[in-house]
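Novice: Protein chains in written order, with my numbering: chain A, 1 to 295; chain B, 296 to 576.
Take these hints with a grain of salt, some might be off.
Said to hold, decoys possible - Here are the computed distance ranges between Cβ atoms for each label pair:
no., chain 1, residue 1, chain 2, residue 2, range
1, A, Phe164, B, Ile474, 54 to 62 Å
2, B, Leu354, A, Asn102, 27 to 35 Å
3, B, Val310, A, Ile279, 21 to 29 Å
Since the hints were made in silico from the structure, they are not lab data.
By construction, the Cβ of each residue, glycine as well, lies at the ideal position given by its N, Cα and C atoms.
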Amino acid sequence: MDKILRDKKAIIIFIAPAFIMFTLILFVPIIQVFYYSLCDYNALTKPEFIGLENYIDLFTDDETMRIALKNSLFFMIFSAVSQQTIGLILAVLLTNIKRGRNFFKNVYYLPAVLSSAALGLLWAFMFNPRMGINQMLAYFGIEGPMWLSETSGFIVLPMWVIAFVALWQYVGQTMMLYIAQISGISKELYEASYIDGATKVQTFRYLTLPLVKPMMVTSLSLNCIGSLKFFDLVYNMTQGGPNHRTDVLATHLYTQGFQYFKYGYASAISVVLLIMCLIVSFIVNKCIKVETYES
Amino acid sequence: METLKKKKTISPIQVLIYIVLSVLVVLFVFPLVWMVNVSLKTNAEVFASPFGLPSVLQLGNYIYAWTKGYLGRAMLNSVIVCGITLIISMFLGSMASFAIARMRWKLSSLVMTYFMIGMMIPVHCVLIPLFVRFSKMGMTNSLIGLILPYITFSLPMTIFLMVGFFKGMPKELFEAACIDGCNIYECFFKIALPLSKTGVCVAGLMTFVGNWNELLLAMVFISDTSKKTLPVTLTYFVGPYATNYVQMFAAVVIAIAPTILVYCLFSNQIVDGLTAGAVKG
């Protein structure tokens with residue numbers, strides 16, 4: 001038995017294909033992107049080493065980058081807070097009702113599996129100045145704002161709109177992860193707390209909440225990384241406009257890399273994005289203390 | 296649990312919960328219904344009577360979207376790309392997961408960490424080097440150039456889920472199989488894989504949905520209209536001048552219909568699979 005499970009040749013056969021592919025298509029390019037980010041490089045020339053110049057430009061000379069950073073951070077914080085709270089509340093509500101649980105669950109999760117490119121078009125229509133929601137408001141005699149082209153304020157209105165659409169689309173995913181975790185909690189624990197006379201709120205605070213913490217780590221890091229790399233909805237709803245006010249890191253990267261073909265510069269944006277993702281997952285993993293319980 | 300179930304009467308709080316949940320259902324379904332409604336109207340009707348039903352069902356919108364919007368071709372491309380990606384990544388991913396979860400070797404947890412780092416890295420970060428490399432190799436503008444990165448980026452999630460699954464299996468199962476003369480490959484193909492059907496379903500569904508909806512990579516790598524995937528084809532309708540709403544929505548409905556179909560077939564499996572121990576923090 002032991003010999004079979006230690007079979008070196010079999011281990012290599014099992015691991016090697018995935019490992020090689022992963023290394024060639026993910027890790028080698030990551031190293032390259034670090035190198036490119038230190039180069040003056042566009043579609044026509046060969047990469048030429050220029051040190052940190054791209055980064056200096058990025059942080060001192062690029063107004064759009066500042067907006068993109070601000071928007072991405074706003075987007076991440078908003079999504080993390082709203083999706084985690086609402087997702088967890090929905091999960092708790094759904095595990096507490098007796099009828100129709102599957103129906104509600106399936107409806108809330110549905111947008112998360114649909115293409116955000118397609119839903120972006122739908123919401124662009126809904127928030128069009130003369131269509132969708134504004135038609136509805138006009139019916140009540142209210143003149144709706146220019147949802148997707150208003151440019152005043154620290155965080156412009158279109159960013160709020162996109163953030164709410166993202167909440168609408170992805171809250172089901174968070175909810176699903178929490179439901180999975182909550183249904184894994186042993187029924188005896190709930191019975192015990194019921195017998196001890198705990199109220200629903202107490203049960204949630206002292207039983208459910210500590211036991212879903214491991215999922216919180218996974219869900220929160222997926223959530224944060226997902227919103228940092230967010231592209232589809234922004235591209236299909238505003239394309240970063242008006243005047244780059246709704247650009248996020250990913251759309252900025254796309255514009256610089258594949259519309260202006262500034263590969264070196266776009267690589268620097270990639271590196272910033274990558275480092276932000278790593279820092280965020282590190283923070284999430286360190287800050288949420290997971291105590292292990294006997295299950 | 297029996298004691299809890301004795302309370303048959305519905306409390307006011309329960310009623311309140313149901314009301315909140317139902318309002319949310321409207322919020323989730325309404326935009327989708329509106330979209331289907333618009334896709335069956337004429338452009339004039341969309342302006343004139345936004346809430347009314349179409350006077351005549353404009354099925355022509357769908358025909359237009361399907362033929363003029365290259366949706367048929369795009370759908371085929373998406374099916375090819377996602378199908379191949381699904382099969383290969385599930386196969387490679389579950390093999391690697393089996394070795395990580397079940398076999399005994401020193402580096403297994405290190406390799407697991409290596410794959411898990413992949414979950415923290417967005418596709419966007421390797422976009423430029425991959426694009427440069429692939430265009431040198433003549434692989435941009437071909438479906439294979441999409442399939443390779445898709446497989447790679449599906450691996451971490453698949454491995455994450457499948458390792459959880461394989462770890463949850465009792466080890467006596469494999470001991471018995473070995474005593475009965477199974478070799479390690481038979482252990483994997485005849486025992487581990489068939490027993491983790493739910494896990495395969497969940498991981499497969501996530502892979503499929505993720506790749507079916509992927510936009511950025513497909514947009515950058517493919518420039519030839521006949522090779523574009525569905526989400527990219529939809530971007531034709533993006534922009535301030537897109538006012539042909541009815542056909543746009545017909546296209547959107549066509550594009551999301553397959554996902555809704557797959558979802559209806561497998562939606563209960565997702566929860567079962569996640570709950571069955573696939574995800575353990």
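Novice: Against each hint, give a clear statement of whether it holds in the structure.
Specialist: Verification of the supplied hints:
no.	hint	in the structure
1	A/Phe164 <-> B/Ile474: 54 to 62 Å	59 Å, holds
2	B/Leu354 <-> A/Asn102: 27 to 35 Å	33 Å, holds
3	B/Val310 <-> A/Ile279: 21 to 29 Å	45 Å, violated
Violation of the numbered hints given earlier is confined to hint 3; every other hint is satisfied by the structure.
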